Amino acid sequence: DVKVTQSSRYLVKRTGEKVFLECVQDMDHENMFWYRQDPGLGLRLIYFSYDVKMKEKGDIPEGYSVSREKKERFSLILESASTNQTSMYLCASSFLAGGRETQYFGPGTRLLVL
Amino acid sequence: DQQVKQNSPSLSVQEGRISILNCDYTNSMFDYFLWYKKYPAEGPTFLISISSIKDKNEDGRFTVFLNKSAKHLSLHIVPSQPGDSAVYFCAASASTGTASKLTFGTGTRLQVTL
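As they're listed, the protein sequences go chains A and B. Residue numbering for the first sequence follows this note's numbering, beginning at 1 and increasing consecutively. Residue numbering for the second sequence follows this note's numbering, beginning at 115 and increasing consecutively.
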């Protein structure tokens with residue numbers, strides 16, 4: 001079974017803090033993704049990576065950065081957390097297969113920024 | 115611009131009856147479609163997919179239908195069970211050389227009643 005784990009299930013942070021969300025997958029997947037899920041908006045792609053040290057912006061990258069130093073690990077960084085970044089954050093991974101891969105998701109991190 | 119739309123935010127169906135969840139898309143480059151199921155406080159779980167070269171794919175109680183001319187797909191669940199109560203997301207991707215970005219709909223909450 002594919003396993004995608006996220007470092008925290010729940011986080012509470014203060015405005016202006018730097019926040020790190022960690023994601024690890026154990027299936028040697030090339031691709032990794034970060035989404036946020038908000039009511040009425042579905043899942044929106046923040047950043048993704050198709051190889052170590054490679055990253056591409058998704059649909060809503062503003063206020064976020066990412067790091068992928070190892071194939072199995074993809075980190076999402078909120079440089080200076082703001083209240084509008086309160087959300088459910090979901091990490092996913094997939095094989096590189098030219099448009100036919102399936103993304104597998106972690107359990108999510110619910111972040112509250114006060 | 116919402117490229118994948120799920121116009122019904124919620125649906126209630128009696129146990130044993132058919133559940134039909136609908137999804138429309140606008141981007142004609144999309145050629146692979148997926149349905150995910152999400153329980154509260156968990157990550158989305160892959161349910162079923164369909165390539166644009168097919169118009170139907172079946173897996174047990176779940177069948178996805180694709181109407182390319184109408185840019186419409188639907189998920190049928192027969193018979194519906196209480197454990198099917200969850201939020202269902204439709205997603206679409208276009209073939210690329212690198213990671214396939216999924217574009218998600220806003221979700222439909224299915225409630226299966228006894």
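Honestly, the hints are just simulated from the structure, not real lab data. This structure is a prediction, so every number in the text was calculated from the model and none was measured. From the three backbone atoms N, C-alpha and C, an ideal C-beta is built for every residue, glycine too. Be a bit skeptical, because a hint or two may be false.
[Said to hold, decoys possible] Stretch by stretch, here's where chain B covers chain A in the computed footprint (C-beta under 8 Å, at least three residues):
| no. | region |
| --- | --- |
| 1 | 41-52 |
| 2 | 103-112 |
[Unchecked claim] Under 10 Å between C-beta atoms, here's a sample of chain A residues computed to sit facing chain B:
| no. | residue |
| --- | --- |
| 3 | Phe20 |
| 4 | Tyr35 |
| 5 | Glu56 |
| 6 | Met88 |
| 7 | Leu90 |
Comparing the hints with the structure gives:
Counting residues of the region 41-52 of chain A whose beta carbon lies closer than 8 Å to any beta carbon of chain B gives 8, which reaches the threshold of three, so the coverage claim holds. Check on the region 103-112 of chain A: 7 of its residues sit with their Cβ under 8 Å from a Cβ of chain B, so the three-residue criterion for coverage holds. This hint is violated: Phe20 of chain A has a C-beta 19 Å from the nearest C-beta of chain B, more than the 10 Å allowed. Taking 10 Å as the C-beta cut-off, the interface hint given for Tyr35 of chain A holds, the closest approach to chain B being about 8 Å.
Annotation: Glu56 of chain A was flagged as interfacial toward chain B, and the flag holds, the nearest CB pair being 8 Å apart, inside 10 Å. A cut of 10 Å between beta carbons decides the hint on Met88 of chain A: the least distance to chain B is about 9 Å, and the hint holds. Proximity of Leu90 of chain A to chain B holds as hinted, the smallest CB-CB distance being about 6 Å (cut-off 10 Å).
Taken one by one, the earlier hints fail for this structure only at number 3.
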